[in-house]
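Colleague: Chains as they are written, first to last, in my numbering: chain A, 24 to 183; chain B, 4 to 84.
Bear in mind the hints are in silico, worked out from the structure with no lab data behind them. Do not take every clue at face value.
[Stated by the list, open to error] Footprint (simulated), chain A over chain B, 3 or more residues, beta carbon under 8 Å:
hint, stretch
1, 6 to 13
2, 57 to 71
3, 76 to 82
[Said to hold, decoys possible] Cβ pair distances, simulated, as ranges:
hint, chain 1, residue 1, chain 2, residue 2, range
4, B, 42, A, 75, 26 to 34 Å
5, B, 30, A, 35, 47 to 55 Å
6, A, 59, B, 5, 39 to 47 Å
These numbers were taken from a predicted model, which means no experiment stands behind them. Virtual Cβ for every residue (Gly too), placed ideally from N, Cα, C.
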Amino acid sequence: MLAVTRAPLSVDALTAEVEASVRTRGEGCGALASFLGVVRATHQGRAVRYLEYEAFDALALKVFAQIQVEAADRWPGAALGIAHRVGRLAIGEASVAIVAATAHRAEAFQVCRYAIERIKQIAPVWKHEFFEDGEAWVEGAIVNPDDHAARARALEIACA
Amino acid sequence: MRVTVRLFARLRELAGAESLTVEVPTPATAATVWRALCVTAPALAPFERAVSCAINTNFSRMSQPVADGDDVAFLPPVSGG
Chain A
24 MLAVTRAPLS VDALTAEVEA SVRTRGEGCG ALASFLGVVR ATHQGRAVRY LEYEAFDALA
84 LKVFAQIQVE AADRWPGAAL GIAHRVGRLA IGEASVAIVA ATAHRAEAFQ VCRYAIERIK
144 QIAPVWKHEF FEDGEAWVEG AIVNPDDHAA RARALEIACA
Chain B
4 MRVTVRLFAR LRELAGAESL TVEVPTPATA ATVWRALCVT APALAPFERA VSCAINTNFS
64 RMSQPVADGD DVAFLPPVSG G
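Here chain A stands alone, though its shape is the one from the complex (with noise of 0.2 Å):
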């Protein structure tokens, strides 16, 4: 339910996957809800050519795993799935995917908006995009793990 990939990302299976792994816990699942992050066709009134990701692979599915446990703490009996895509993407295409599996729809959705606001924080995970006129990396969050304020950040941003 964890991947950093070259391969373009599929909702369908990841939906299935983390539905599969919920299927028969507590309640069973009612909700699923998912979240793509796409490719945008302009930043900051640039036109975007296309952008180029690039991870610390093993890190960064160690910190995947870390939001899973970070959310079933929060939500208990949710599952996460998250696959975040690197290497070069055209416009429209997704860059991650995230799914969400709970017994109630309302935990679904607050659930997903964790895993992203998380992922912004600490995944490490860099975009550089590439524009008509030149380049640049993006360059966001310091990551700091120890960072408590952060974690309570993105979850009030999920239960807003």
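Based on the hints, put chain B in the right spot on chain A.
Modeller: Below, chain B without anything else, positioned relative to chain A:
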């Protein structure tokens, strides 16, 4: 002692290498390794305050000790998702 340094994204480009061996005196921390690295690749120095590190594929503080043969990764600010 010798450690293997792994660099990603802009740090990799600035240093011109994704992996390199760095020699540091014993005892050393991740910060010692970073400073030695910046002597070899001065272009990395401006990242001092923005860099995170992982020792043997575990997030670590810059004050954490390193041992001979360790794998020390330096990570620029992340932008996944």
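Colleague: Each of the hints needs a verdict: does it hold here or not?
Modeller: Against the structure, the hints come out as follows:
With a threshold of 8 Å between beta carbons, the proposed coverage of the stretch 6 to 13 of chain B by chain A holds, since 4 of its residues qualify and at least three are required. Counting residues of the stretch 57 to 71 of chain B whose CB lies closer than 8 Å to any CB of chain A gives 5, so the stated coverage by that chain holds, three being the minimum. With 6 residues having a Cβ less than 8 Å from any Cβ of chain A, the stretch 76 to 82 of chain B passes the three-residue criterion, so the hint holds. Roughly 30 Å separates the CB atoms of residue 42 (chain B) and residue 75 (chain A), a value that falls within the hinted 26 to 34 Å.
Between residue 30 (chain B) and residue 35 (chain A) the Cβ separation comes to about 52 Å, which falls inside the hinted range of 47 to 55 Å. Checking the proposed 39 to 47 Å range against residue 59 (chain A) and residue 5 (chain B) shows it holds: the Cβ atoms sit about 43 Å from each other.
Checked against the numbered hints above, the structure violates none of them.
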